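Model the full structure from these sequences, guided by the hints.
Chains as they are written, first to last, in numbering that gives the first Met the number 0: chain A, 0 to 593; chain X, 0 to 593.
Just so you know, nobody snuck in bad clues.
Stretch-level coverage of chain A by chain X, calculated; a stretch enters the list once three of its residues show a Cβ under 8 Å from a Cβ in chain X:
1. 75–81
2. 159–167
3. 197–211
4. 559–569
Derived EDC-like pairs (lysine to aspartate or glutamate); straight-line CA-CA distance at most 16 Å:
5. X:K336 with X:D365
6. A:K517 with X:D576
7. X:K151 with A:D158
8. A:K151 with X:E162
9. X:K581 with A:E590
The hints are simulated quantities; they were obtained by calculation from the structure and are not laboratory data. Bear in mind the structure is a predicted one, so any value in this text is a computation, not a measurement. Glycine included, every Cβ here is placed at the ideal spot set by N, Cα and C.
Protein chains: 2
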Amino acid sequence: MAESMGNLRRTRYCGEVSEQDVGTNVVVAGFVQRQRDKGNLIFVDLRDRTGIVQLTFDDTTDREVFAKAKSLKSEYVLIAKGEVRRRESVNTEIKTGMVEVYVSELRILASAQTPPFHVNDDGKVGDEIALKYRYLDLRREKLQRNIQMRHKIAKVTRDYFYENGFLEIETPMMMKSTPEGARDYLVPSRVHPGKFYALPQSPQIYKQLLMIAGYDRYIQLARCFRDEDLRADRQPEFTQIDLEMSFVDVEDILEMTEGYIKRLFSEVLDVDIALPIPRMTYKDAMERYGSDKPDTRFGMEIVDCSELVKDCGFGVFSGAVAAGGSVRAIVAKDGAKVLTRKEIDKLTEQARGIGAKGLAFVRWVDDAPSCSFSKFMSEEELSALLAHIGCEKGDVALFCADRDRVTLPTLGQIRLTVAKKLDIIPEQFNFVWITEFPFFEYDEENDTWLAMHHPFTMPLDECLPYLDSDPGAVRAKAYDLVLNGTELSSGSIRITDFELQQKMFESLGLTDEEIEAKFGFLVNAYRYGAPPHGGMGIGLDRLSMIMCGSDSLRDVIAFPKVQNASELMSECPSVVDAEQLKELHIASVLEEAE
Amino acid sequence: MAESMGNLRRTRYCGEVSEQDVGTNVVVAGFVQRQRDKGNLIFVDLRDRTGIVQLTFDDTTDREVFAKAKSLKSEYVLIAKGEVRRRESVNTEIKTGMVEVYVSELRILASAQTPPFHVNDDGKVGDEIALKYRYLDLRREKLQRNIQMRHKIAKVTRDYFYENGFLEIETPMMMKSTPEGARDYLVPSRVHPGKFYALPQSPQIYKQLLMIAGYDRYIQLARCFRDEDLRADRQPEFTQIDLEMSFVDVEDILEMTEGYIKRLFSEVLDVDIALPIPRMTYKDAMERYGSDKPDTRFGMEIVDCSELVKDCGFGVFSGAVAAGGSVRAIVAKDGAKVLTRKEIDKLTEQARGIGAKGLAFVRWVDDAPSCSFSKFMSEEELSALLAHIGCEKGDVALFCADRDRVTLPTLGQIRLTVAKKLDIIPEQFNFVWITEFPFFEYDEENDTWLAMHHPFTMPLDECLPYLDSDPGAVRAKAYDLVLNGTELSSGSIRITDFELQQKMFESLGLTDEEIEAKFGFLVNAYRYGAPPHGGMGIGLDRLSMIMCGSDSLRDVIAFPKVQNASELMSECPSVVDAEQLKELHIASVLEEAE
Chain A
0 MAESMGNLRR
10 TRYCGEVSEQ
20 DVGTNVVVAG
30 FVQRQRDKGN
40 LIFVDLRDRT
50 GIVQLTFDDT
60 TDREVFAKAK
70 SLKSEYVLIA
80 KGEVRRRESV
90 NTEIKTGMVE
100 VYVSELRILA
110 SAQTPPFHVN
120 DDGKVGDEIA
130 LKYRYLDLRR
140 EKLQRNIQMR
150 HKIAKVTRDY
160 FYENGFLEIE
170 TPMMMKSTPE
180 GARDYLVPSR
190 VHPGKFYALP
200 QSPQIYKQLL
210 MIAGYDRYIQ
220 LARCFRDEDL
230 RADRQPEFTQ
240 IDLEMSFVDV
250 EDILEMTEGY
260 IKRLFSEVLD
270 VDIALPIPRM
280 TYKDAMERYG
290 SDKPDTRFGM
300 EIVDCSELVK
310 DCGFGVFSGA
320 VAAGGSVRAI
330 VAKDGAKVLT
340 RKEIDKLTEQ
350 ARGIGAKGLA
360 FVRWVDDAPS
370 CSFSKFMSEE
380 ELSALLAHIG
390 CEKGDVALFC
400 ADRDRVTLPT
410 LGQIRLTVAK
420 KLDIIPEQFN
430 FVWITEFPFF
440 EYDEENDTWL
450 AMHHPFTMPL
460 DECLPYLDSD
470 PGAVRAKAYD
480 LVLNGTELSS
490 GSIRITDFEL
500 QQKMFESLGL
510 TDEEIEAKFG
520 FLVNAYRYGA
530 PPHGGMGIGL
540 DRLSMIMCGS
550 DSLRDVIAFP
560 KVQNASELMS
570 ECPSVVDAEQ
580 LKELHIASVL
590 EEAE
Chain X
0 MAESMGNLRR
10 TRYCGEVSEQ
20 DVGTNVVVAG
30 FVQRQRDKGN
40 LIFVDLRDRT
50 GIVQLTFDDT
60 TDREVFAKAK
70 SLKSEYVLIA
80 KGEVRRRESV
90 NTEIKTGMVE
100 VYVSELRILA
110 SAQTPPFHVN
120 DDGKVGDEIA
130 LKYRYLDLRR
140 EKLQRNIQMR
150 HKIAKVTRDY
160 FYENGFLEIE
170 TPMMMKSTPE
180 GARDYLVPSR
190 VHPGKFYALP
200 QSPQIYKQLL
210 MIAGYDRYIQ
220 LARCFRDEDL
230 RADRQPEFTQ
240 IDLEMSFVDV
250 EDILEMTEGY
260 IKRLFSEVLD
270 VDIALPIPRM
280 TYKDAMERYG
290 SDKPDTRFGM
300 EIVDCSELVK
310 DCGFGVFSGA
320 VAAGGSVRAI
330 VAKDGAKVLT
340 RKEIDKLTEQ
350 ARGIGAKGLA
360 FVRWVDDAPS
370 CSFSKFMSEE
380 ELSALLAHIG
390 CEKGDVALFC
400 ADRDRVTLPT
410 LGQIRLTVAK
420 KLDIIPEQFN
430 FVWITEFPFF
440 EYDEENDTWL
450 AMHHPFTMPL
460 DECLPYLDSD
470 PGAVRAKAYD
480 LVLNGTELSS
490 GSIRITDFEL
500 QQKMFESLGL
510 TDEEIEAKFG
520 FLVNAYRYGA
530 PPHGGMGIGL
540 DRLSMIMCGS
550 DSLRDVIAFP
560 KVQNASELMS
570 ECPSVVDAEQ
580 LKELHIASVL
590 EEAE
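In C-alpha cells, the structure reads:
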C-alpha cells in the first residue's frame with residue numbers, strides 16, 4: 000500500500016530549487032527519473048513538470064528513510080523533505096545542477112510497474128506504443144515543455160484580444176449540418192428521430208450572427224471538426240483562434256492581428272517580429288513563389304522568361320507561349336554540386352506528379368553550362384536567357400513550360416524541394432500577408448464560377464463594376480497570414496449589404512431556393528441591420544507546432560488522434576451497445592466487403 | 000445600397016461618451032435604438048454594447064446629413080462624427096444622459112427591415128419568436144450585459160487559476176463511449192464502419208490521465224454534453240470549469256476554490272464573500288435541510304421530534320418511530336397568515352408528490368393553535384412538542400412521519416416552497432461546502448451497493464476499515480460546493496493506489512472483466528505511478544446565471560437550445576443527405592409511430 004502525504008506539502012517545484020535555498024528545508028514532489036544506488040550513497044533524480052532535482056541519501060540519513068530510498072524505482076511517486084545543499088560535483092546539464100536535497104523525510108506515494116519504455120527524450124520509441132501509453136509519453140520533457148508553451152500561447156492570445164475589447168463568447172458545438180465545405184461529423188438526435196446535429200467546422204455562422212447582434216468584437220478559442228482524410232499535419236478536431244470585428248475594413252483587421260503576432264512572439268519566444276508584416280497580393284505570390292502560401296525565408300523566386308523564348312527554336316518553349324502559356328524558371332544558386340543529373344531527374348519526376356510535362360534544365364558546373372535544350376538554341380540566345388534569370392557558374396536553373404496554372408504551382412513546389420535539398424532555409428519566422436484573393440474560381444468541368452473563399456466574402460470596392468462583365472477579375476477582401484510557408488490563418492471582410500449579397504449569389508448561379516436551403520436564416524439575419532464586419536481564424540495547433548519548433552501536430556496536442564482518426568490509448572472510436580443506437584433511431588449498415 | 004465607412008473610424012463606444020468629451024469631436028457607431036423626428040430637430044438614440052448616446056441634428060446641420068437622419072429607422076446601423084455638447088434636458092436614466100453628439104458627418108452603413116419585435120427589455124416577447132430571431136434578441140441590454148459578464152467570469156477564472164500554476168490543456172471532444180453516467184451523444188465514424196465516438200460528459204478520464212502524466216495542475220473551460228431529458232435549468236451542451244491538482248488532499252482543493260470564489264465575486268460583482276466558506280457534512284445537510292444542496296439563506300431548519308412523540312397517542316407519529324423512521328418538523332415563523340388551510344392543503348399535495356403519506360400541521364393564529372392531530376394528543380404533550388420545535392403564536396409547523404429517506408427530502412422541499420411563499424429569502428450569496436458524502440448507495444431493488452460519486456473516489460482514511468464490514472458507513476473524500484441551494488460544483492480526491500482501487504471494485508461487486516470493459520486503460524494507467532490528486536468541476540453556466548441574477552440558463556448562453564434540445568434559429572437538428580449517412584455506415588430507423 001502507498002503512503003499518504005500526511006502533513007507534507009510541496010514548497011518548491013523540482014526545477015525551482017536553487018542556490019538561494021541552500022541551508023533551508025524544502026519539500027519537493029514528483030516522479031523518480033532514476034535512482035543510483037552506490038551502496039551507502041543513493042542519488043535520486045526527482046522530476047516534475049518544471050525539471051529535475053537531485054535527492055541525496057547517505058550514511059547519516061535516517062535508516063528507515065534510507066531503506067525506502069533503496070527501494071525506489073523509475074516512475075515511483077514521492078514527496079520528500081530535506082535541506083538544500085551545494086553539490087560536490089556540479090551537473091551543468093540541468094538548471095538545479097548546483098544543488099541537491101539532502102532528504103530527512105520521504106514518503107512513497109505510489110509505486111510503479113516498469114514502464115513499457117523509459118521516459119526520456121533520447122530513446123526512440125515506436126509511435127504506436129508511445130500513443131498507446133500516451134500518459135507515459137506525456138511525461139517526456141519535450142512534451143511537458145510543448146504543452147506548457149501551448150498554454151502560454153493561448154494565454155497571451157486571450158490577454159491581447161481581451162485587452163483590445165474582444166469578448167470570448169461560446170458558440171454551439173451541436174449545430175446544423177451545412178452542405179458547404181468539408182465533410183461534417185454528425186450527431187444523431189434521440190429526441191428528433193431521423194434528424195442530426197453537426198459538429199462545427201468553424202463558428203463562422205455564429206460569429207457573423209454575433210456581429211449582427213451587436214457584440215462588436217468577438218474571440219473564441221474554438222474546437223472545430225472536419226471529417227477529412229487525414230494528413231500528417233491535420234487532426235479531425237483542431238482548435239481555432241476565431242475572431243470577428245465590427246466597424247472595420249481589411250486594414251483594421253491586419254493591424255490588430257499584427258499587434259497580436261508581435262506580442263505573442265515577444266512574450267512566448269522573446270523573438271521580435273518586425274512590423275508591418277509584408278504584404279503580397281495573391282497574384283504576386285503565385286507569380287513569384289508559385290504558391291498562395293509562400294515560404295519567404297529564402298529567395299529562388301520564379302522568373303518569367305516567356306518574352307525571351309517565345310520565338311526561340313525550342314518548340315516546347317515557344318509552343319507553350321504561343322498557346323497562351325508561359326515559360327518560367329527558378330535558379331538554385333550554387334546548387335550544381337548537390338543537384339546532380341540524378342537529382343534533377345528526381346525533380347522532373349516530382350514535376351510530372353504535379354501535372355507538368357517535365358522540366359528543362361541548365362546545370363552549370365564547368366566553364367560551359369550543360370543544358371537539356373542546348374541544341375535548340377544558339378549560344379547567344381542561351382546566354383541572354385541565363386542572364387535574364389540570373390543563372391551563373393555553379394548554379395542550376397530549372398524551367399517549366401505550360402499554362403500558368405501548371406508552371407506556377409510546379410515551380411512553387413520544386414522550389415521548396417530544392418531549398419530543402421540545398422539546406423538553405425534559415426531558422427527564422429517569416430510572416431507574410433497574402434491579399435486580394437480572386438473572388439471567383441472558374442470550374443472548367445461544370446463551366447461555372449465558384450466562390451474561392453465563402454460567398455459572404457466582400458469584393459474589393461473597385462471590383463464591384465466587374466461582377467457581371469468579368470467575374471475572373473473580381474478580387475476579394477480576403478487575406479491569409481502565412482508563416483514560413485504554412486497558412487496560419489484565413490479571413491475576410493463579409494458582405495453586410497443584403498442587396499449585394501443577392502447579387503453575389505446570382506453571380507454564383509444560385510436560385511432563391513438554393514440560397515434558402517444553403518444559407519437560410521443567416522441571409523435573413525442581414526435584413527435587420529448588420530455593421531460592416533470581418534475576421535479570421537488562426538490555427539492554434541499549427542501556430543503552436545511552429546513556435547515549439549516541432550514538425551508534428553502530435554507534439555502540441557495532449558491526446559492526439561492518428562491518421563485514421565482513432566485514438567490508440569482509449570481505442571476509440573469503438574462499438575457501442577445496440578440499445579444506444581436504437582435510442583438514437585439509427586442502425587449500422589455494414590457491407591460485407593467491410 | 001449601404002454606404003461604406005470610408006475613413007471614419009470609431010473613437011468612442013456610445014456608452015463611454017462623457018462630459019469630459021464636451022467640445023471635442025468623437026466618432027460613434029452602432030444601431031438606432033429610436034429616432035424622434037420633431038420637424039427641424041431630430042434625435043437619435045444610438046446603441047452599442049456599452050450603452051446609448053443621443054445624436055442630435057438641427058437646422059444648422061448640413062442638409063444632406065439632416066436628410067439622412069430623417070430617413071433613419073430602428074436598427075439601422077450608423078457611424079457618425081460630431082461635437083460632444085452638454086444636453087439641455089438631462090436624461091438621468093442613461094449614463095451618457097448629460098451629453099449629446101451634434102452630428103456633422105453621418106453614414107448609414109446598413110438599413111434594417113422592421114424587426115419582428117422591438118429590441119428592448121421592456122416588451123414581453125414570446126420565447127419562440129425571441130429564440131427564432133436570437134440575433135435580435137441578443138441585442139437587448141440585459142443579454143448584452145449578461146454575455147459580457149459571463150466573459151468576465153471566465154476571464155477572472157482563468158486569471159486566478161493560471162496565477163496559481165494551473166495549465167489549461169485541451170482534451171478530446173471525440174472520445175470513447177462509456178457505459179457509466181448519463182446518456183452519451185454519439186458520433187458515427189466514417190473511417191471505422193460500425194464504430195462511434197462519444198462527446199464528453201466531462202473530461203474526467205483525461206484530467207486524471209494528465210495528473211498521471213505529471214502536469215500537476217490542470218484547468219479547462221470544457222464543453223460537456225449529456226443527452227438527458229431537459230429541464231428548465233439544463234442544456235444538452237454546457238460548460239464546466241474543470242480542474243485537477245496533484246499532491247493535494249481535500250483541504251488543499253477547498254482552499255484553492257475558496258480563494259477563487261472570493262476573487263471572482265469581488266472582481267465581477269464587487270461582493271465580498273467571507274472565508275472560509277462554511278462546511279457541512281452530507282449527514283448534517285440532510286438532517287437540517289433535507290437536501291445535499293441546502294439553501295442556507297434562511298433558517299427554517301428541520302427539527303427531529305421522534306423522541307418526544309414516540310409514545311404519543313397519535314399512531315402516525317408513534318408508528319413511524321416504532322418502524323425505525325422518524326417524525327420531523329419545520330416551523331414557518333410568522334407564517335400563519337400566508338399559510339392558510341388552503342395553502343397547507345397544497346403543501347400536503349406537494350409532499351405526497353414527493354413520496355410522503357401527508358403532512359401533519361399546527362397553525363397558530365389565535366390564542367390556541369389549530370392542530371391536525373390535536374385529538375390524539377394531550378394539551379401538555381402538544382405544548383412540549385411546540386416548545387421543542389420552537390413553534391409560537393403566529394407560526395405554522397409542518398410535520399412529516401416516515402422513514403428518514405422520506406421525511407428529510409420531503410421537508411427539505413416543503414421548506415423551499417414555504418420560504419418562497421413567505422418571501423423570506425434575502426438576496427445574498429450563501430455558499431456552503433457539503434463534505435463526507437457516503438461512498439456507497441444501497442440499491443434496494445438489486446440488493447447491491449453502488450458508488451454514489453464515481454468509483455475512483457477516495458474513501459476517508461478512517462473509513463478504510465469498514466470497507467467490507469459496513470459499506471454504508473464508508474464516507475468519501477467528495478465535496479460539493481452549493482450556492483443558494485444550487486449545486487455549483489462537485490469533486491473528489493481520486494484513488495491513486497492500484498490495490499485499493501481493486502478492493503473498491505470488488506466491494507462494488509465488479510468482476511475483472513467488467514472492470515476492464517468499463518474502465519480499461521484508465522485503471523492500467525494507475526499501475527505506472529500516480530501522484531495523489533483530486534479536483535472538481537464547476538458549472539460555468541449556472542454560476543453565470545446566478546451571478547447575473549437570472550433564473551434561466553438561456554439568459555447567459557448566446558445560442559441556447561430549448562427543452563427538446565433543438566435550436567429554433569437554425570432549426571437544428573435537421574434531416575441530412577442520404578449520402579452523408581451512407582458514408583457514415585448508418586441508416587435512420589424510423590418507426591411508424593414516430
